[in-house]
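Use these hints to put chain B with the ligands onto chain A, whose structure you have.
So you can see what is in the structure, the chains are spelled out below.
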Amino acid sequence: MLKGIGVEKRFGGLTAVTSLDFEIFDGEIVGMIGPNGSGKTTLFNLISGLFKLDKGAIDFQGFRISGLPPYKVAKLGIGRTFQIVRPLMELSLLENVTTAVLYGSSGLHEVDVARDMAMNILKFTGLDSKFRNFPGELGIEGRKRLEIARALGSKPKILLLDEVFAGMNSKEIEGAIELTFRIRDEYRITVFMIEHVMKAIMTACDRVIALRHGVKIADGPPEQVANDPEVIRAYLGESYAKN
Amino acid sequence: MAHGNDRSGFYRVKLILVGIIFVLGVYPWLAPPVYFISFAFNVLTYITLATSWNIIGGYTGYLSFGHVAFFGIGAYATAVLGARLDLGPALVILASLPAGVVSALVAVVIGYPCLRLRGPYFAVITLCFAFVTELTVRNLDFLGGADGLWIKGLAMPIETSRSIFFELMLVLTVVCLSSAHWIETSRFGAGLRAIREDEEVAQTMAINTPKLKIMAFAVSAFFPGVAGGIYACYLTYIHPDIVFDVNISILIVLMALFGGGASWVGPLVGATLLTFVNEGLSTFVKAEFARIIYGCLFIIVIIFMPNGIVEFLKNLIVKRRLRTKFVKNKSSQLLS
Ligand SMILES: Nc1ncnc2c1ncn2[C@@H]1O[C@H](COP(=O)(O)OP(=O)(O)OP(=O)(O)O)[C@@H](O)[C@H]1O
Ligand SMILES: [Mg+2]
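The listed protein sequences correspond, in order, to chains A and B. Taking our numbering, the leading residue of the first sequence gets 1, the next gets one more, and so forth. Taking our numbering, the leading residue of the second sequence gets 1001, the next gets one more, and so forth.
Don't read these hints as lab results, they were simulated from the structure. You may find that some hints are simply not true.
[As the list claims (entries may be wrong)] The calculated DSS-like cross-link candidates involving lysine-lysine, where the alpha carbons are at most 30 angstroms apart (straight line), are:
| id | chain 1 | residue 1 | chain 2 | residue 2 |
| --- | --- | --- | --- | --- |
| 1 | A | K199 | A | K130 |
| 2 | A | K171 | A | K155 |
| 3 | B | K1319 | A | K130 |
| 4 | A | K72 | A | K123 |
| 5 | A | K157 | A | K199 |
| 6 | A | K157 | B | K1152 |
| 7 | A | K52 | A | K155 |
| 8 | A | K72 | A | K52 |
| 9 | A | K157 | A | K3 |
| 10 | B | K1314 | A | K130 |
| 11 | A | K155 | B | K1211 |
| 12 | A | K75 | B | K1314 |
| 13 | A | K199 | A | K3 |
| 14 | B | K1014 | B | K1314 |
| 15 | A | K52 | B | K1211 |
| 16 | A | K52 | A | K157 |
| 17 | B | K1211 | A | K72 |
| 18 | A | K75 | A | K3 |
| 19 | A | K52 | A | K75 |
| 20 | A | K55 | B | K1211 |
| 21 | A | K199 | A | K171 |
| 22 | A | K155 | A | K123 |
| 23 | A | K72 | A | K155 |
| 24 | A | K3 | A | K52 |
[To be verified] Derived Cβ-Cβ restraints for the label pairs, each shown as a range:
| id | chain 1 | residue 1 | chain 2 | residue 2 | range |
| --- | --- | --- | --- | --- | --- |
| 25 | B | N1247 | A | G175 | 56 to 66 angstroms |
| 26 | A | G136 | B | Y1027 | 41 to 51 angstroms |
| 27 | A | G136 | B | T1324 | 17 to 27 angstroms |
Just so you know, even glycine gets a beta-carbon here, dropped at the ideal spot from N, CA and C.
Same shape as in the complex, but just chain A (with noise of 0.2 angstroms):
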């Protein structure tokens, strides 16, 4: 559903994503690994609109996206939250939430009939018991959360989820692991996570995808990508690999 042909991004001199061919089918939950400043958030950031393609194109349910700008991007419906959380500070939860569902899919434009569905968002993310606070009052899991109820209000048919599980305990991880399978089972979103926490990546993803250095080293089920010596060789330098 969602495809990227020869996609490359440079700033400057640094080229950020390389060449890069990538696919996403419906229903599944794709994983995206790499080491820092591989080029992860930039690809979201390529694909959600922010950013302009230097080369390649991008392709959403067949309709070329690339160079679209963010907002209608959005509307077709792909969702994404950011890797440093970025809630609307002087809007309620419920705020939140609400103007997502009233500018997104699900064309509801009355703001009592958004603000039962952001309630109903807010439950199925686990804060509705917290609707009133201010993102500021929320813990940095709270806050990631709110990320995904507020992208979860657009109404998306995929979703891109940037490093949601970093700065988690283990506890939290799991809860959060449980949230994704219900966000593709439930909502029938498809996922594309970026993701540091290897636990995550090995239970939840169908398939993985590993970047270094803006290029694409491997490609697969989540087992096989992380046994890939390219990848051990990415994250853990040539010394480790080699024994």
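Just chain B with the ligands, lined up with the frame of chain A:
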């Protein structure tokens, strides 16, 4: 239960507002001194200007420092329409409506490039826009140039005509405040708030931010345009120095921020208070001193009440309520 309280509170507020509007509407016919009518007219004008400014400045977070331009454009458009179509004094007043539309159209045209700029850049470019507009008007002969323009006045005693203009401005103020309130509670307003908080995130929430910003700018220019038209008819004479006065631009911003930009109540309170302060200062002290006191007052409010005076008072009340609740809980614990 809390809901029920909210509701009845809401109706009480509504009732009070209707009462205030009624009293204001009756006021000029109780034969007060003309000076008071004129002063009340000024208060209403500033409420309208600050409230409409707040739609782009407060709700959307784009601080326009050139809003007087829309006021001036409205005034001139009304005068020109009146003269060109040779309208009688009563019809000229009606011309302030299309004049408001002219202001809104100008906002769309200049908003298209300017609303791409954020923060200080937007503030500066709107300020420049106001200067350019003023200079243009000053140098166009068919707009009277530096001589200004005359508008046909109503042929009746000044008390009556001022009262009529007061009523017209009252209607405009009420419509403007209602629009602001509607925007606040609507989908449109929710989109604007998202833009204010984080425009990029708003875009990833499928909000068409360029379109929404232009719409907000146009609405926020429309009311000053109409107000400028009414003001022109009220004065019967307009001049660039009067209707393009940069002090008005600044005053509007101060009033809205003084009261607080988050809701329609802020500019209402801010404009009312500051117009009174302004008037009081200018009657009792020298103009330069008035400016200084005025500036200091503003600095104090911004430092100690960054969200405006309305929000500050609201928090004060909430805090006091919480404290009494806390004390109650404590005492009940002691008893049990
Ligand atoms: N807006 C930008 N301007 C300039 N360089 C950038 C920009 N965004 C990213 N980069 C650079 O592009 C490279 C890839 O960054 P990116 O954020 O995509 O990495 P990442 O894989 O998400 O890393 P991490 O795991 O740390 O989040 C880095 O070298 C980064 O410095
Ligand atoms: Mg990243």
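Open item on the list: Next pair to validate is K72(A) with K52(A); report whether the Cα-Cα distance is within 30 angstroms.
Closed with: holds, 14 angstroms
Open item on the list: Given the hinted pair K155(A) and K1211(B), is their Cα-Cα distance within 30 angstroms?
Closed with: Judged against 30 angstroms, a Cα distance of about 22 angstroms means the pair holds.
Task: Straight-line alpha-carbon gap K72(A) to K123(A), limit 30 angstroms - done: Given pair K72(A), K123(A) holds - Cα atoms ~28 angstroms apart, limit 30 angstroms.
Open item on the list: Checking one constraint from the list: CA of K199(A) to CA of K171(A), max 30 angstroms. Satisfied?
Closed with: Holds: K199(A) and K171(A) sit about 12 angstroms apart, inside 30 angstroms.
- [ ] Below or equal to 30 angstroms on CA atoms is what counts here, so check K157(A) against K1152(B).
- [x] violated, 62 angstroms
TODO: Compare the distance between the alpha carbons of K72(A) and K155(A) with 30 angstroms, and conclude whether the hinted pair is satisfied.
DONE: Given pair K72(A), K155(A) holds - Cα atoms ~14 angstroms apart, limit 30 angstroms.
Open item on the list: Holds or violated: K1211(B) and K72(A), Cα atoms, limit 30 angstroms.
Closed with: Satisfied, since the Cα-Cα distance of roughly 12 angstroms is no more than 30 angstroms.
TODO: Would you check the hint for K199(A) and K3(A), treating anything up to 30 angstroms between C-alpha atoms as holding?
DONE: holds, 26 angstroms
Open item on the list: Please check whether G136(A) and T1324(B) have a Cβ separation lying inside 17 to 27 angstroms.
Closed with: Holds, since G136(A) and T1324(B) (Cβ atoms, about 26 angstroms apart) stay within the stated range.
Open item on the list: Holds or violated: K52(A) and K1211(B), Cα atoms, limit 30 angstroms.
Closed with: With Cα atoms ~21 angstroms apart, K52(A) and K1211(B) stay inside 30 angstroms; holds.
Open item on the list: K157(A) and K3(A) were given as a pair; does the straight-line alpha-carbon distance stay at or below 30 angstroms?
Closed with: Holds - the C-alpha atoms of K3(A) and K157(A) are around 14 angstroms apart, at most 30 angstroms.
Open item on the list: Check whether the Cα positions of K155(A) and K123(A) lie no farther apart than 30 angstroms.
Closed with: Distance ~15 angstroms between K155(A) and K123(A) Cα, so the pair holds.
Comparing the model with each numbered hint stated earlier shows that hints 6, 12 do not hold.
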